[in-house]
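Q: Sequence:
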Amino acid sequence: MTRKFVLTLFSILFLSQAFAQGIDEAGLKQLNFYQDSLKHLGSTVINNDNELVRKNASYQFIKTLVSALKTPNSFHFPFDSVKTITLTRSPDDKFRIFSWHVANDDGSYRFYGAIQINTGGPLKLYGLEDYTPLLKNPEDTVGDNRTWYGAQYYTIIPVGVTRPYYVLLGWKGNNDRSTKKVIEVLSFQNNKPVFGMPIFNRNGKKRDRIVFEYARQASMLLKYVPSEHLIVFDNLAAPDKKSKDKLETYGPDLTYNGYRLKDGTWHYMDNMDMRNVPSDQDETYIDPKITERPKILHPIKKKQIQ
Numbered sequence: 298m299t300r301k302f303v304l305t306l307f308s309i310l311f312l313s314q315a316f317a318q319g320i321d322e323a324g325l326k327q328l329n330f331y332q333d334s335l336k337h338l339g340s341t342v343i344n345n346d347n348e349l350v351r352k353n354a355s356y357q358f359i360k361t362l363v364s365a366l367k368t369p370n371s372f373h374f375p376f377d378s379v380k381t382i383t384l385t386r387s388p389d390d391k392f393r394i395f396s397w398h399v400a401n402d403d404g405s406y407r408f409y410g411a412i413q414i415n416t417g418g419p420l421k422l423y424g425l426e427d428y429t430p431l432l433k434n435p436e437d438t439v440g441d442n443r444t445w446y447g448a449q450y451y452t453i454i455p456v457g458v459t460r461p462y463y464v465l466l467g468w469k470g471n472n473d474r475s476t477k478k479v480i481e482v483l484s485f486q487n488n489k490p491v492f493g494m495p496i497f498n499r500n501g502k503k504r505d506r507i508v509f510e511y512a513r514q515a516s517m518l519l520k521y522v523p524s525e526h527l528i529v530f531d532n533l534a535a536p537d538k539k540s541k542d543k544l545e546t547y548g549p550d551l552t553y554n555g556y557r558l559k560d561g562t563w564h565y566m567d568n569m570d571m572r573n574v575p576s577d578q579d580e581t582y583i584d585p586k587i588t589e590r591p592k593i594l595h596p597i598k599k600k601q602i603q
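With our numbering applied, the sequence shown covers 298 to 603.
Do not take every clue at face value.
To be verified - Pairs of lysine-lysine, BS3-like flavour, derived with a Cα cap of 27 Å:
no., residue 1, residue 2
1, Lys360, Lys489
2, Lys520, Lys433
3, Lys539, Lys391
4, Lys433, Lys336
Note that these hints are calculated values from the structure, not bench results. It should be emphasised that the depicted structure is a prediction, and the values quoted were computed from it without experimental measurement.
With the hints as constraints, model all of the structure from the sequences given.
A: Structure below.
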């Protein structure tokens, strides 16, 4: 079987799938054109040595993405050749999240993202604004898409309770010394996204989200085990007693903890036997250039959703 034949077969299969989802030939041609532009811009966002060029490319990426998503039935277009962003679809097919980062020259990151709702009609899109620097207590803060604790999400877990919500697992980066990962919560109130919910119970104290910080050179497992309704993660520990207050020195100690779902709430489980859980790398990590976090011009408005 020749490479040309394989590519032709793939194109036929993709076209069939696209048409089945309601994308006509003109729409598909337009989306492929936008995809090529996004691919080029995404590469500049990640690889260019000039911080200003990276940021400008990200802003142009946003404009191009919005234009692309205005194409009818764009929700069903995979954008799978744009490798520099993370695109994650909810298992119930109700929405998908685009997320990516721009590395700053000081080693920190700024995150960008958007939530596209599967309306079956006109575009419904929520831009995500990274307000990380102004979230002083992120584990105890509930906000919306304009006060977002930025991250790149690689897993979406739907939880069907009285008030449905979704748990998101994401890579957050941090600075030139440490990396962060996050267990986030997304729900929709009055058809608008809400981030954070007090559903993580550890020793009777509830948190709105869970944030992990560890040494940049380390790798942390954070994954969902559907059969167990369990989020499992490496236990992070300091290398010695003198470093216990320095999270940038922390790393996995070969033990595991987790959060198990029960009646809509996630309960902390300590020192779990997870010998069959494979080792995992940062799933959305893109080796960034060591590139000043943009100044935040507007004060955050902290919200608490009842």
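Q: Which numbered conditions among the earlier hints are violated in the structure presented, ordered from lowest to highest?
A: 3, 4
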